[in-house]
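Protein chains: 2
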Amino acid sequence: MEPSNWLEETYDDDVRLGFRVREILVDKQSKFQRVQIVDTYAMGKVLALDGLFMTSEKDEFFYHEMIVHPAMTTLANPQKVLVIGGGDGGTIREICRYPQVQSVTMVEIDGDVIDACKTHLPSLGADAWNDPRLDLRVADGIAYVAEAPEATFDLIILDGSDPVGPAEGLFGTTFYENVKRVLKPDGVFVLQSESPTLMPKLFTEVQTTLRQIFEQVTPYFGPVPLYGGSIWSWTIAGDEHTPLNIRPERVELIQPTAKLYTPELHRSALTTPGYVKALLGT
Amino acid sequence: MEPSNWLEETYDDDVRLGFRVREILVDKQSKFQRVQIVDTYAMGKVLALDGLFMTSEKDEFFYHEMIVHPAMTTLANPQKVLVIGGGDGGTIREICRYPQVQSVTMVEIDGDVIDACKTHLPSLGADAWNDPRLDLRVADGIAYVAEAPEATFDLIILDGSDPVGPAEGLFGTTFYENVKRVLKPDGVFVLQSESPTLMPKLFTEVQTTLRQIFEQVTPYFGPVPLYGGSIWSWTIAGDEHTPLNIRPERVELIQPTAKLYTPELHRSALTTPGYVKALLGT
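Protein chains in written order, with the working numbering: chain A, -10 to 271; chain B, -10 to 271.
This is chain A alone, in the form it adopts within the complex (with noise of 0.2 Å):
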């Protein structure tokens, strides 16, 4: 197999995963990022950003279902809510499902990510592109969120690449601050906080930093295919919320449709094992 044949990323220089390429449908450099999507053999199409993986046909529901369903099945009234990032569409499908929803806002930084996933991804933002509770904006989501007005979403969810290129700045102490000034004071702030197995020292800093400004920090772990670290970790972060209150009405909402959550992975999820213990010092 030729070298050019497969779709291929390296992490920190030691590990590297590869895919098999079927065909090229995108490859672009955008404003801000290199977008590919590629169509490969084991996991259909692939969304990759910068040589990153994101996500793909066969794999999302690992990574969305996950980063959605611990919030919205444990917040008391999630009825207005904002995504940072998530261009490919599969986080706002999940939410959509839930009816209790009034409206979710999306700020994604790069319209040519959107408009890739919408024409090649159809799968993952499927109904919820035309949902009328959607307020899509192409825009900066570090400005958004320093700008608008205080105590307004029930729920934020970071759905952004690692902290390279226009990520960079979603990692930092002063997004986390603007997080918590937009949130209500019984709002949660979940975002996809890397793996503990392939970036030990990274995942360690975004807790600690969130642990600065949120009351209750709980990361919580998962595999992704996808991802050659296997397991990945989302936080759930806030004031007063107690994210293992699991409410059966709102797990029976998405039980038709997951192909992954249940109220038995949600509590494993969010137990923290011995080796991320020993990672946190905790």
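What the hints contain is simulated information worked out from the structure, not anything from laboratory work. Any given hint might turn out to be false.
Since the list gives no way to pick out one identical chain from another, each pair is judged satisfied if it fits inside one copy or across any two copies.
[Claimed, not checked] As a list, the in silico DSBU-like pairs of lysine-lysine whose alpha-carbon atoms are at most 30 Å apart:
hint, residue 1, residue 2
1, K248, K266
2, K69, K17
3, K17, K107
4, K266, K20
5, K107, K266
For chain A, the structure is supplied; the task is to place chain B on it using the hints.
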């Protein structure tokens, strides 16, 4: 980076996972297979058999805690244990944590694997290699269960590699029937049962075959960083066993050393997610 500086496994020609090599410690052709132990930057020392990644220093607990503890924390009286394969020693290490165990018979076909792992991966077998309860036999596991007396073991663990080379016969009906004969009526059989995401056909075949032989067949799931497919499965099979009846006094025994296992993880791992139900047609 030169290709030769990477230890790489390719799955079904479509996915490849590589680790950058620090040093090759063992590379020999045994009577049965190519045995390699390679020191890598990301995973520490990795054992590969016929080019397939088996286990590594850094991630081995993801596999070994999962193959042992769901059975050992639920069996009423696990006194006599048989391990088929398991030449790296990680499985017997976890079994030997339980004082209830009176004997562990380990039948590994390839003495060269045991020797290489004792020398280069000593943290895997650790003290278990010298445990007086260990009866270590370098022999064919298929022949062993064909000849062993019936109703001998409380627990049989098949810790084998993929169904190629010397492990091929470990995935057939005759072998499973002999396992059942050699088990006590209330005993259980646990095996690694491949990946539902990476090898869905093989995973499904194993489940179907086991269901023809055992009354209760429960697959369970977890990630293994060393295995490119991310989501691995193990299966617990028996006629009179309740694999969710977790005994708290057993959990206490392993809690001080467990890097992964928790009762929450146990319950979640044994909950079949939607995407696997779809695969199994259940």
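(message) I want to check one pair: K69 and K17. Are their C-alpha atoms no more than 30 Å apart within a copy, between two copies, both, or neither?
(response) The answer is neither: 34 Å in one copy and 62 Å across copies each exceed 30 Å.
(request) Please work out whether the CA atoms of K266 and K20 approach to 30 Å or closer within one copy, between two copies, in both situations, or in neither? (result) neither (40 Å within a copy, 43 Å between copies)
(request) Up to 30 Å between alpha-carbons, please classify K248 paired with K266: within, between, both or neither. (result) both (29 Å within a copy, 9 Å between copies)
(message) Cα distance capped at 30 Å. Does K107 pair with K266 within a copy, between copies, both, or neither?
(response) Close across copies (29 Å), not inside one copy (40 Å); limit 30 Å.
(request) Using 30 Å as the alpha carbon limit, work out where K17 and K107 are close: within a copy, between copies, both or neither. (result) Cα proximity of K17 and K107: one copy only (15 Å, versus 51 Å across).
When held up to the earlier numbered hints, the structure conflicts with 2, 4 and fits the remainder.
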